[in-house]
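Asks: Spelled out, the chains give:
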Amino acid sequence: GAVVSQHPSWVICKSGTSVKIECRSLDFQATTMFWYRQFPKQSLMLMATSNEGSKATYEQGVEKDKFLINHASLTLSTLTVTSAHPEDSSFYICSAWDPYNEQFFGPGTRLTVL
Amino acid sequence: KNQVEQSPQSLIILEGKNCTLQCNYTVSPFSNLRWYKQDTGRGPVSLTIMTFSENTKSNGRYTATLDADTKQSSLHITASQLSDSASYICVVTRGGSYIPTFGRGTSLIVHP
Chain C
166 GAVVSQHPSW VICKSGTSVK IECRSLDFQA TTMFWYRQFP KQSLMLMATS NEGSKATYEQ
226 GVEKDKFLIN HASLTLSTLT VTSAHPEDSS FYICSAWDPY NEQFFGPGTR LTVL
Chain E
41 KNQVEQSPQS LIILEGKNCT LQCNYTVSPF SNLRWYKQDT GRGPVSLTIM TFSENTKSNG
101 RYTATLDADT KQSSLHITAS QLSDSASYIC VVTRGGSYIP TFGRGTSLIV HP
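Note that the protein sequences, when read in sequence, are chains C and E.
If you read the first sequence in this note's numbering, its first letter stands for residue 166, the second for the next number, and so on.
If you read the second sequence in this note's numbering, its first letter stands for residue 41, the second for the next number, and so on.
These are computed hints drawn from the structure, not numbers from a lab.
Fair warning: there could be bad hints in the mix.
Straight-line Cα separation of at most 20 Å, SDA-like style, residue types lysine to any residue; simulated pairs [unchecked claim]:
(1) C/LYS206 <-> E/SER50
(2) E/LYS57 <-> E/THR103
(3) C/LYS229 <-> E/ILE139
(4) C/LYS206 <-> E/GLN49
(5) C/LYS206 <-> E/GLU45
(6) C/LYS229 <-> C/GLU187
(7) C/LYS206 <-> E/VAL85
(8) C/LYS206 <-> E/LEU51
(9) E/LYS111 <-> E/PRO48
(10) E/LYS111 <-> E/PHE92
(11) C/LYS206 <-> E/SER86
(12) C/LYS206 <-> E/PRO48
(13) C/LYS206 <-> E/ALA126
(14) C/LYS220 <-> E/ILE139
Just chain C, with the same shape it has in the complex (with noise of 0.2 Å):
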């Protein structure tokens, strides 16, 4: 099946540095990809719909200039978190649909601001 790559798979950073997540679809083409934010014991949580070529749509409470999206190509898609702090500490995961409507996940970034 299709493959969605993501890296890093986990970062540690320090409060107000930024941290940058790259989402790549392996051996498809995605016009469009999407970022979850996952905390412990808790469901996925869509914050984010990143469109190739144009700006990213995002859900209602999600700040985004905090987090800025690039869906720079069809294969790729960053995630960069600004300034980013103890309460963004989470488990980062995205989402590409294949050409047969199959939605496929990464693996997921750790991320852990102290």
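Starting from the known structure of chain C, arrange chain E on it as the hints suggest.
Replies: Frame of chain C; chain E shown alone:
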């Protein structure tokens, strides 16, 4: 309001036993229902996908059922293995939308 409710919240079983997880949804109009397995610290992996006309679908030891009239689905795991320990998430997609609604998941622990 479009919702997906899963039960039980957590489940502990012995290796080799069977178990059934439940999913009730109010998402409408309905497009499809997926069951995912999520290992701790990993992204979800698809187990089954069912559309309106499908009642049962199997994937190895996993069998999903769907009753679109009552808006209920179940995931049956046969002869459980230690590696089945994970969170099982029911995801329902609304017709005409690419954005799915996630259940909170059932945490399954299989003990030797």
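Asks: To test your reading of the hints: which numbers does this structure violate?
Replies: none
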